[in-house]
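Chemist: So you can see what is in the structure, the chains are spelled out below.
Number of protein chains: 2
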Amino acid sequence: MRQSKLFTKTRKEAPKDEVSLNAQLLIRAGFINKEMAGVYSILPLGLRVINKIANIVREEMNVTGGVELQSTALQKQEVWEKTNRWSDAVVDNWFKTKLKNGSELALAFTHEEPMANMMKNFISSHKDLPVYVYDIRTVFRNEARAKSGIMRGREFFWKALYSFSKNEKEHNEYYEKAKIAYKNVFDRVGLGEKTFMTFASGGSFSKYSHEFQTVSEAGEDIIYIDEEKKIAVNREVYTDEVLKDLDLNKEKLVEKKAIEVGNIFSLGYKFSEPFGLKYKDEKGEDQFVFMGCYGIGISRLMGVIVELFNDSRGIVWPEAVSPFAVHLLSLGQDEEAEKIYNQLEEKGIEVLFDDRDVRAGEKFADSDLIGIPWRIVVSGKSLEKGGVEIKRRNSQESEIVAVDEIISKLR
Amino acid sequence: MRQSKLFTKTRKEAPKDEVSLNAQLLIRAGFINKEMAGVYSILPLGLRVINKIANIVREEMNVTGGVELQSTALQKQEVWEKTNRWSDAVVDNWFKTKLKNGSELALAFTHEEPMANMMKNFISSHKDLPVYVYDIRTVFRNEARAKSGIMRGREFFWKALYSFSKNEKEHNEYYEKAKIAYKNVFDRVGLGEKTFMTFASGGSFSKYSHEFQTVSEAGEDIIYIDEEKKIAVNREVYTDEVLKDLDLNKEKLVEKKAIEVGNIFSLGYKFSEPFGLKYKDEKGEDQFVFMGCYGIGISRLMGVIVELFNDSRGIVWPEAVSPFAVHLLSLGQDEEAEKIYNQLEEKGIEVLFDDRDVRAGEKFADSDLIGIPWRIVVSGKSLEKGGVEIKRRNSQESEIVAVDEIISKLR
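Chains B and C, in that order, give the protein sequences.
Residue 186 in the working numbering sits at position 186 of the first sequence, with consecutive numbering throughout.
Residue 48 in the working numbering sits at position 48 of the second sequence, with consecutive numbering throughout.
By construction, these hints were calculated from the structure, which means they are not laboratory data.
For each residue, glycine too, the CB sits at the ideal point set by N, CA and C.
Treat each hint with caution, since some may be false.
[Stated by the list, open to error] 20 Å max Cα-Cα, derived EDC-like pairs, lysine to aspartate or glutamate:
id : chain 1 : residue 1 : chain 2 : residue 2
1  : B       : K127      : C       : E143
2  : C       : K100      : B       : E143
3  : C       : K120      : B       : E228
4  : B       : K96       : C       : D357
5  : B       : K100      : C       : E143
6  : C       : K82       : C       : E68
7  : C       : K283      : B       : D357
8  : B       : K100      : C       : E104
9  : C       : K98       : B       : E104
10 : C       : K100      : B       : E338
[To be verified] Here are some chain C residues pointing at chain B (derived, C-beta under 7 Å):
id : residue
11 : N33
12 : L43
13 : T72
14 : F95
15 : K100
16 : S103
17 : V131
18 : A200
19 : E227
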């Protein structure tokens, strides 16, 4: 893409009321626009990152057998009353709205109820199970304060998968697959080393739920990490009894701030019972469906990645989620740069081509702020030295590479 | 995809309160699920159609120079007050909600105001223009009645593009490009022959706006078509004066019911003035930005396509938007069918493989209801005759094709 066609501009300053580092950098670099606290438009650069994260999540969900659908934001009162979650006293972050006829509707913050309700149309026999459906969409949470940028939005993208199994055994088999898929997602987006599967409080149907927590000073949770075993315990269940149960040695655990990037949860019959979501087993007897839910915050992940990968000059994107693979800067060598741009594009390499008529210093500063992993500079000086100057965003060193060796260098 | 993994099932009956043909067929075939009147979840088959339509729209918008972003659903009161559109007396289909602190928010039904407001961050010089941004997302309209299925939803997918030009001349050049892009979209999704560019009422800045109206008995609009010129006039501007202005002969015009599938609109300074959206021209003087807007109802298009392409047995998808290219039915020949399925998938052909353990009649009926363009049946009888039975959904005739000739037959 030609940068001259990208309408966004970098900014020296983020809005004054923006206190989170992730949103400050993302706003300054032109990835998001603040509409209000906790509500951000996703600008073209940001949308490329969101789509890359979403596609990684999608691929891993598909591997587990997940099937994608798109649920709705507007939800009926009666669906949420079945589980007593309609009341604002029970769910403290509802957004509600009203139809013309006065009936209240909810803006979805999650979809266990609508999914259980819908599945009654499709599940009747043991032959219909198991089913794994997921949804990548915006949901709404009426946060009293929203000061963490895109790490805690009032409107945000997430992926939610809901599993419907015949029984706890079948559920547990999927649950283990989901753990692996989640690990793959966090590895692939570049957060693997800092992300720990964390034991957290369960529900009526399981002792624990599992959170995926990424260590970050910006985190709102406290976890206790066993770095050898690569697992952690959330403060909410950090008791001697739990440590014993998990065979963890208190002496070895390290306390860290972390941010929850995903969670998986056994729901058991909590939703299938109130909705009467049943199937006939092989003997013809009615059984309740055993459910689970599995969330990943897609826009939150973008924020966490920025919190972890940045320096004084800007963002440093991991390759898998960077908006472009290469940032190509022309310093007064538009003809040569144009040729290189076309060559790279032909090879399917995603290039942001800074073809703007601005001074070199501005191009360098913008490139560092935007944070694309490879920077290629085409200048009179580089051409004299025999090619282009290639530098990685996270390295101080650059090298001159002949034009016809660029592609092999990038690989 | 294996149909055994698709959790949706066809149904004999749509919900009793569903009066529109498009939603009846889409619900019965398992493309959508009704959450309430005017609000439908998009099931896996439907999501494939929506994604295909969205990608066609995306490609055509990109050709015009459009850049994609993702706006927000939650909107601030003060942004809408600038143009006096906040009041429910002015906009009669608002959904509103509230933050914890009591301030009211809107659920977006369109984005002229937020876009004009946001562009103040990015437009300051004539060098920043023109800009074309678009957004494919769900919007919300509080319809008093919602009886047209997915053709008039309370929550629906659309594409909206907003153009920002230096002046009317530059705007008009883009406007003509948009007309071509729109024609391409409706041609590509299969509606070209029945869709007419229709003159409708303009605003303060142009005599007319242009709607794209698809002839259908389910339409809510009345248009007068000149079939030779392939244009039409909306009843709202159907006067002798307008006909004269457009050089149309009343005698030649045919009155038809039609449904609006897209519209393009010159906005002039209607939004840039209240937001103070200005740029410095080459002389250093302040000028207001000239705006336009360009909408296409993505989920509505799915509905219109179903209204137009169906028969007594079900939907008949045009190839470009069909959820799959081929419906492969195994009638007790799973091993042979499996091989064919793998071969087609390897060639990148999208196949729905009916590997379910149900009787032949059910497979045939489901296949007709779902409406995929090509049906391939693998049965003992077809193999005896030397291959598989291939039939187009919209044809009565089938033929036997040798297994190694299937791919060339499909092309």
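Chemist: Take the hints in turn and mark each one as holding or not.
Modeler: Tested hints:
1. K127/B with E143/C: Since the Cα atoms of K127/B and E143/C sit roughly 40 Å apart, the hinted pair is violated (cutoff 20 Å).
2. K100/C with E143/B: holds (7 Å)
3. K120/C with E228/B: violated (51 Å)
4. K96/B with D357/C: violated (44 Å)
5. K100/B with E143/C: holds (7 Å)
6. K82/C with E68/C: It is violated: about 25 Å lies between the C-alpha atoms, which goes past 20 Å.
7. K283/C with D357/B: holds (18 Å)
8. K100/B with E104/C: holds (17 Å)
9. K98/C with E104/B: With a Cα-Cα distance of about 13 Å, the restraint between K98/C and E104/B holds, given a limit of 20 Å.
10. K100/C with E338/B: Distance of about 52 Å is beyond 20 Å: violated.
11. N33: Holds. Min distance 5 Å.
12. L43: holds (5 Å)
13. T72: Status holds, d = 5 Å.
14. F95: Holds: closest Cβ of chain B sits about 5 Å from F95/C, inside 7 Å.
15. K100: holds (5 Å)
16. S103: violated (9 Å)
17. V131: holds (4 Å)
18. A200: Violated: closest Cβ of chain B sits about 26 Å from A200/C, beyond 7 Å.
19. E227: Given a least distance of 38 Å, the restraint on E227/C is violated.
Going through the hint list in order, the structure does not satisfy hints 1, 3, 4, 6, 10, 16, 18, 19.
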